[in-house]
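**Q** One letter stands for each residue in the lines below.
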Amino acid sequence: MVSLCLASVIIFTIVEIAPGDPASFMLGINAQEDTIAALRAELGLDQDKLSRYFSWISGMLQGDFGTSYTYRSPISNMIADRIWVSLPLALYALVISTLIAFPAGIYAATQRGKVGDVAVMGATQFGIAIPNFWFAMILVVIFALKLRWFSAGGFVEWENGIFQSIKSLTLPAIALALPQASILSRVMRSALIETLSEDYIRTARAKGFGKRAVIWRHALRNALIPVLTIIGLQFSFLLAGAIIIEQVFFLPGLGRLVFQAITQRDLIVVESVVMLLVFAVITVNFIVDITYAIVDPRLRRRV
Amino acid sequence: MFQPTKLIAAGTLAVFASTGIGLSAQSDITVAMQLEPPHLDPTSAAAGAIDSVLYSNVFEGLTRFASDGSVIAGLAESWDISGDGAVYTFKLRSGVKFHDGTSMDASDVKFSLDRARAEDSTNAQKALFSGITDVSVVDNSTVKISLDKPNGSFLFNMAWGDAVIVAPESIDGIKNNPVGTGAFTFQNWVQGDRIELSRNSDYWGDKPALENVTFKFISDPTAAFAAVMAQDVDVFTSFPAPENLPQFEADPRFQVLEGSTEGETILSTNNKMPPLDNVKVRKAIAHAIDRQAIIDGAMFGYGTPIGTHFAPHNPDYVDLTGNSNYDPELSKKLLAEAGFSEGFTTTLKLPPPSYARRGGEIIASQLRAVGIETEISNLEWAQWLEQVFRGKDYGLTIVSHTEPMDIGIYARPDYYFQYDNPEFQSLMTELNGTTDPGKRSSMLQKAQRIISNDYVNGYLFELAYTTVANAKVRGLWKNAPTQATDLTGVSWAD
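Protein chains in written order, with our numbering: chain D, 1 to 303; chain A, 304 to 797.
Isolated chain D (complex conformation) (with noise of 0.2 angstroms):
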């Protein structure tokens, strides 16, 4: 709550510190001073910043969001078509991100030092160092000019089919996905690197389990816990940081939104998105604590 508060301070100072006027903005260079103060007043921004804040936070404290400046429609209907969207698409890059990372890292892991080893992690280090907009534009080139297996872009909305829609998101989620699976699968790997070397192991080790066995029933679940850190964050990330890969594919999501309306100067969309976002991090934090607590029982005791 506090962290929400201070966020809310801190998005509408910088936002409003921005220079740039909506409502010149809206009406161009040919307009009249008369038109423009009209426009500031239908748009209410002729009041004082203090004030605007707390009409802000008290509307969105009971759901509403405001009204666009430049769209002139009700900000949580604009979120909710484009959550509809960025949502899917970054659970769908996780879970892609994640079936990658999770073999990779273990494999990786057991062949320690190993030619496997080598080449899962200089494999890795490409997908990092390749930045995902570049990625994507080769996807394009491939799947969508050359194979013609997808469109180059766009979205096909779930009334449409799902089969559709999940095919619409498929090259943009592979795109976030690799530097994500990257990053994760080296996570992983290092996680249990550092797990088989403890004591534990050891002793289930003399104890006569096989290797196989003793990764699957001790160090996984004991590894588990920086990976899951990584997931949160990396969906965090993904939720938020999508906005060159929904410019690349036009995908009308919350980045695409976010994106337009800070070069429009619509302050009340930007504010009211960013906070949503610092919202969902938390959101997600608070659940990734609570994972925690289900894979390493000790924790819960502390809680």
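Hints were generated in silico from the structure; no laboratory data involved.
Please read all numbers here as calculations on a predicted model, not as lab measurements.
There's no promise every hint is true.
DSBU-like cross-link-like pairs, simulated, lysine-lysine; straight-line CA separation at most 35 angstroms [as the list claims (entries may be wrong)]:
hint, chain 1, residue 1, chain 2, residue 2
1, A, LYS695, D, LYS49
2, A, LYS429, A, LYS695
3, D, LYS49, A, LYS429
4, A, LYS781, A, LYS400
5, D, LYS167, A, LYS478
6, D, LYS49, A, LYS478
7, D, LYS146, A, LYS781
8, A, LYS400, A, LYS452
9, D, LYS167, D, LYS146
10, A, LYS478, A, LYS413
11, D, LYS167, A, LYS775
12, A, LYS781, A, LYS478
13, A, LYS636, A, LYS583
14, A, LYS781, A, LYS394
15, A, LYS695, A, LYS749
16, A, LYS478, A, LYS510
17, A, LYS775, D, LYS146
18, A, LYS749, A, LYS447
19, A, LYS452, D, LYS49
To list a few chain D residues with every Cβ distance to chain A over 10 angstroms, as calculated [stated by the list, open to error]:
hint, residue
20, THR13
21, LEU27
22, ASN30
23, THR35
24, ASP117
25, ILE294
26, ARG298
Note that the Cβ used here is the ideal one computed from N, Cα and C, for glycine as well.
Following the hints, position chain A against chain D.
**A** The following block gives chain A in isolation, referenced to the frame of chain D:
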């Protein structure tokens, strides 16, 4: 993208052919553009994207622009101009209906014009209506508009997208549900993605060949290229990546239309900021600039050099590029005469479009060659409007003035160029009061010469209008006399 309509249309072709209706094989089209309209009311925002979707398709005015820039009849089928040129009487077409079924009559015209010129109007081009003193309804199909003084460009003003006729019944919802009189009705807007229109079966004029129209918004130039290449879209207007155009030209699947816009791209100069207030310095800048290098370097060869603030395709255009030919030696000499043999430093503030950002770097290096140093800063549009346009805190900037026939801005001393020349101002006042086409023409030519000789700004080039389309699409506008994507005459070849 998948195109079931192609199959359906092909399947139904035989049916239509036998009934004798001359429909082409395909009647749906997807048109892409970079910018999405912020809302759908052309009468209360400057955003050209609104007109790009709605002008002529959904909304119509008393008069309208044709693709060559001439003004032709719109909802008014004819008009009378009083002898003194101050009273316009418009005869409206009969049987015109708005998309909600209500009829369009003289009272709607009065409502629209009164709304645009009202005290609390948020019309971005309010100046178009400023001369109107009264709008009166003579009968259902006749409107009389009185002006405070003769205005030779009144019919032209009424053709703007900001002057379209709207109805009081539907005005409240106009921003999200536009109701006009055009050949297409608004269907759906998925914000951030697309706008859908469909054919208006009650249209008063010739029915369009297209059935369904989808406007798609793709802002990223690379994504634009991919979308056209993958044939996800049929048409891309104002294609944002000129470097890719040769590739489309070489591909038989596509056609590239190269036309002109009303966008005079200029090196705007703060005429009040020393040393730019010295005409010799401005002249030196003009001669330091190699226009062709900028067109080639920043626009990949697309664009027409200009020597004044006027569109080259206009019959009244005077080619004054020789007045400011590329001559760095002359430029250095002029600087020395003005007392700046060591050169000077000024600011160059660049808005986001690539003509400004790419062009700015080329101009900076050309100016450096004659000894003028520029401090480049990149601004967003909102910052540009605040600092440069309203705050007049700049030395030089690059911007394309896209409004048609906007030479009148030079008569405004408070405009951001801060150019104050009484001779020019009285010429513009005289022009506004003149309706005789021959006299207007010579006045416009004189005006072009004055600003060129005063080197008010560095005149660079007329922005090109480049459209990439499927090779089978016919009837697209080649030029952009106003921001519009008029689809009423567009069809598919078999």
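**Q** Now, for every hint given, state plainly whether the structure supports it.
**A** Tested hints:
no., hint, in the structure
1, LYS695/A / LYS49/D, "holds, 25 angstroms"
2, LYS429/A / LYS695/A, "holds, 22 angstroms"
3, LYS49/D / LYS429/A, "holds, 29 angstroms"
4, LYS781/A / LYS400/A, "holds, 29 angstroms"
5, LYS167/D / LYS478/A, "holds, 33 angstroms"
6, LYS49/D / LYS478/A, "holds, 27 angstroms"
7, LYS146/D / LYS781/A, "holds, 30 angstroms"
8, LYS400/A / LYS452/A, "holds, 33 angstroms"
9, LYS167/D / LYS146/D, "holds, 17 angstroms"
10, LYS478/A / LYS413/A, "holds, 20 angstroms"
11, LYS167/D / LYS775/A, "holds, 29 angstroms"
12, LYS781/A / LYS478/A, "holds, 29 angstroms"
13, LYS636/A / LYS583/A, "holds, 10 angstroms"
14, LYS781/A / LYS394/A, "holds, 31 angstroms"
15, LYS695/A / LYS749/A, "holds, 27 angstroms"
16, LYS478/A / LYS510/A, "holds, 26 angstroms"
17, LYS775/A / LYS146/D, "holds, 22 angstroms"
18, LYS749/A / LYS447/A, "holds, 33 angstroms"
19, LYS452/A / LYS49/D, "violated, 44 angstroms"
20, THR13, "holds, 17 angstroms"
21, LEU27, "violated, 4 angstroms"
22, ASN30, "violated, 5 angstroms"
23, THR35, "violated, 5 angstroms"
24, ASP117, "holds, 36 angstroms"
25, ILE294, "holds, 37 angstroms"
26, ARG298, "holds, 46 angstroms"
The earlier numbered hints that this structure contradicts are 19, 21, 22 and 23.
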